[in-house]
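**Student:** Next come the chains, spelled out residue by residue.
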Amino acid sequence: MFRDFAEWLQTTGISVKVQSITWLIPVLQSIHILMIGIVFVSSLMITLRVVGSMRADEPFATVWGRFAPWMWSGLVVMALTGLVLIIGEPVREFSSVSFWLKMSLLAISLTSIFVFGRTLRPEMLTSATGEFSTGRKAAALATVVLWLAIIFLGRAIAYDAAVWGHLHT
Amino acid sequence: MTAPSIVEVVEASAPAEWMRMSLLSMPVVEAIHVLTAAIVFGTILIIDLRLLGFPNTRRPFTRIEHELLRYTWGAFIISVVTGILMFAANATTYYGNTAFRLKMLALLVAGMNMAVFELVIKRGVASWDKDVAPARAARFAGAASIVIWTAVIVIARWIAWTKGYGAGASIPDNVNFDFSTQ
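From first to last, the protein sequence lines stand for chains A and B. Read in order, the letters of the first sequence correspond to residues 6 to 174 in the working numbering. Read in order, the letters of the second sequence correspond to residues 246 to 427 in the working numbering.
Just to be clear, a hint being listed does not mean it is correct.
What follows is a list of derived Cβ distance ranges for each label pair [what the hints assert, rightly or not]: (1) B/Ala257 to A/Ser117: 28 to 34 Å; (2) B/Ala360 to A/Thr27: 21 to 27 Å; (3) B/Ala360 to A/Phe121: 39 to 45 Å; (4) B/Leu269 to A/Glu63: 38 to 44 Å; (5) B/Met349 to A/Leu146: 33 to 39 Å; (6) A/Val81 to B/Thr407: 26 to 32 Å.
Please keep in mind that the hints were generated in silico from the structure rather than gathered at the bench. Think of the CB as a built atom: it goes at the ideal place given N, C-alpha and C, for glycine as much as any other residue.
Could you put the whole structure together from the sequences, leaning on the hints where they help?
**Tutor:** Below is the structure:
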């Protein structure tokens with residue numbers, strides 16, 4: 006089903022257009038990688054504050070206010086550049102095990118960040134001394150591990166057969 | 246020993262052979278390279294933006310720099326090691342590649358910018374560490390750093406798209422991966 010969709014998408018005007026501009030894909034990939042730096046490091050800064058090993062003298066709200074907008078904006082740019090990359094090479098992406106795993110982990114990671122923000126007690130936001138629960142620290146660290154896996158899978162799309170062997174179709 | 250012959254020795258080395266023969270070595274090493282390069286870029290960007298006075302000057306510059314540089318250097322060292330492995334796999338090809346040479350040049354410029362900042366400009370940090378706009382030279386170094394590191398990453402991605410083969414050079418037989426799929 007996805008294969009048929011990908012093959013159809015590859016023949017559409019917009020996909021052909023993306024394929025025909027030779028510099029477009031490397032430029033989009035470069036922007037995508039620059040955004041990894043912004044998103045991953047922003048997420049890392051927030052996580053390090055949650056576990057108490059960075060900017061522990063500042064209230065969590067200050068650290069969140071400094072880095073969360075960069076994380077979300079970076080994610081938006083990554084989604085947009087990623088989308089155009091998919092449109093440019095749909096068959097390659099949709100037939101890749103790494104691509105689907107990456108999208109699944111991305112959904113888990115984004116959900117966990119949303120839930121983390123939604124369930125935060127107000128006093129944790131403004132307190133410079135309050136310590137996060139072990140569960141929250143573990144959840145924050147798990148998000149970083151998820152990002153690491155997502156970044157690895159992103160690169161692995163180019164090597165799907167080598168990484169996944171017979172699972173690669 | 247001439248430079249080209251050193252490159253040939255590197256390409257014939259055991260780690261280079263491992264990079265070419267193992268199925269997983271290239272994707273794993275490349276992924277670590279991308280990740281660590283991203284950490285270098287992201288952490289330096291925070292320091293550079295602080296030099297430009299963003300988002301504010303309340304947190305002392307020296308403190309932000311001290312907190313982050315351990316991550317920057319840790320990631321940079323891993324990035325260099327993985328970069329050398331990737332280079333070794335097809336050393337003669339990369340050596341003749343214009344984009345690769347430009348990237349090395351950009352890294353050199355980034356290093357020089359950092360050296361001038363750390364050894365000269367930062368001497369006066371006490372007067373702009375907190376609550377005031379950093380000195381003009383410090384702001385310039387911060388802006389230059391953002392531009393240079395962005396260039397390093399863009400040029401790096403460009404290496405894979407120039408197919409690695411310099412003008413007139415023939416494609417070596419031992420190149421085992423097709424750049425066009427990357």
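**Student:** Could you run down the list of hints and mark each one as holding or not?
**Tutor:** Hints and how they fare:
no., hint, result
1, B/Ala257 to A/Ser117: 28 to 34 Å, "violated (47 Å)"
2, B/Ala360 to A/Thr27: 21 to 27 Å, "violated (37 Å)"
3, B/Ala360 to A/Phe121: 39 to 45 Å, "holds (40 Å)"
4, B/Leu269 to A/Glu63: 38 to 44 Å, "holds (41 Å)"
5, B/Met349 to A/Leu146: 33 to 39 Å, "holds (36 Å)"
6, A/Val81 to B/Thr407: 26 to 32 Å, "holds (30 Å)"
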